[in-house]
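Numbered according to our numbering, the sequence shown spans residues 1 to 300.
There could be a bad hint or two in this list.
What the hints assert, rightly or not - Okay, the calculated beta carbon distance ranges per label pair:
hint, residue 1, residue 2, range
1, Gly239, Cys209, 21 to 27 Å
2, Leu266, Ser59, 49 to 55 Å
3, Asp172, Asp213, 21 to 27 Å
4, Arg82, Gly56, 28 to 34 Å
Honestly, the hints are just simulated from the structure, not real lab data.
Since the model is a prediction, treat every value here as computed from it, not as a measurement.
Glycine residues also receive a C-beta, built at the ideal position from the N, C-alpha and C atoms.
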Amino acid sequence: MIEIEALTKTYRSRIAVDDLTVTVEPGRVTGFLGPNGSGKTTTMRCILGLTRPTSGTVSVLGRPYRELARPMRRVGALIDPRARHAGRTAYAHLQVLAQSNDLPRHRIDDVIELVGLESVAHERMRGFSLGMNQRLGIAGALLGDPDVLVLDEPVNGLDPEGIRWMRGLLRDLADEGRTVLVSSHLMSEMQDTADHLVVLGQGRLLADCPMSDLLGRHAAVRVRSPQASLLARALERAGAFAEFDGDTALWVEGLDVSQVGDVAYLSGLRVHELTEVTASLEDAYLALTEDEAEYVGAVA
1 MIEIEALTKT YRSRIAVDDL TVTVEPGRVT GFLGPNGSGK TTTMRCILGL TRPTSGTVSV
61 LGRPYRELAR PMRRVGALID PRARHAGRTA YAHLQVLAQS NDLPRHRIDD VIELVGLESV
121 AHERMRGFSL GMNQRLGIAG ALLGDPDVLV LDEPVNGLDP EGIRWMRGLL RDLADEGRTV
181 LVSSHLMSEM QDTADHLVVL GQGRLLADCP MSDLLGRHAA VRVRSPQASL LARALERAGA
241 FAEFDGDTAL WVEGLDVSQV GDVAYLSGLR VHELTEVTAS LEDAYLALTE DEAEYVGAVA
């Protein structure tokens, strides 16, 4: 478990993270979303003790990261896949990490096989592609078989096969009861991977909810009726927003499928189609962050 309480980080006059309180629970994949500059990486660095908060507290498994003995056995992290000595081989890099936390040698072979780097394990990292660097960073994060994983953009640079592999790996780790916090800009991939979402904007918390809840907030209903004008007025009287989507169809927000159907029935109006339209994560995310941008602009 990761517990963040009233976390604030400022750099001179700029607020990177603003009074953030979040608990990342074990047993699920928590997606960490937000525009560039929203505070995601700063928050992750505070979790890992790489950045000191201006105020507030962060604990991992009940204590600050800096107080964990042999931290790689408890927490695996990927923040910057390029943060390594390019002249070393992949195997030598992992060997140094293993020795620093008194990890058994067989774990190096285990993670190299797990991430699919057997063929380049003894090659120097300066020739690695972005995807290979990502796989090596993931190997380092998994080296200690940790209870908690903090991964910043782990699918960046991976090909479609690699992205699919990463999705399955994160799902398996969460199913084993581990705490998994992962950021990504690939909305479609996050929609297929995450159970829970934490969304930041301008350093502030915009959402902390299950994936299904966020998508449900932006769901709509498409209803088609030969009496669409009458139905639109009836739906608006019931508190919905309704606009035409063609000559005989309406796009309805504010009521679910059964409520729209009930309004039509009680109004004595015919319905030829009644469909729930669930928003994609990209649509829901953009609506959420656009609302925040409009709010900030109005305040300014």
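Here's how the hints hold up against the structure:
Hint check: Gly239 to Cys209, Cβ distance near 23 Å, so the stated range 21 to 27 Å holds. For the pair Leu266 and Ser59, the supplied restraint of 49 to 55 Å holds, since their beta-carbon distance comes to about 53 Å. Between Asp172 and Asp213 the beta carbon distance is about 24 Å. The supplied range of 21 to 27 Å therefore holds. As the Cβ distance of Arg82 to Gly56 is approximately 29 Å, the hint placing it in 28 to 34 Å holds.
Figure legend: structure checked against the earlier numbered hints; every hint is met.
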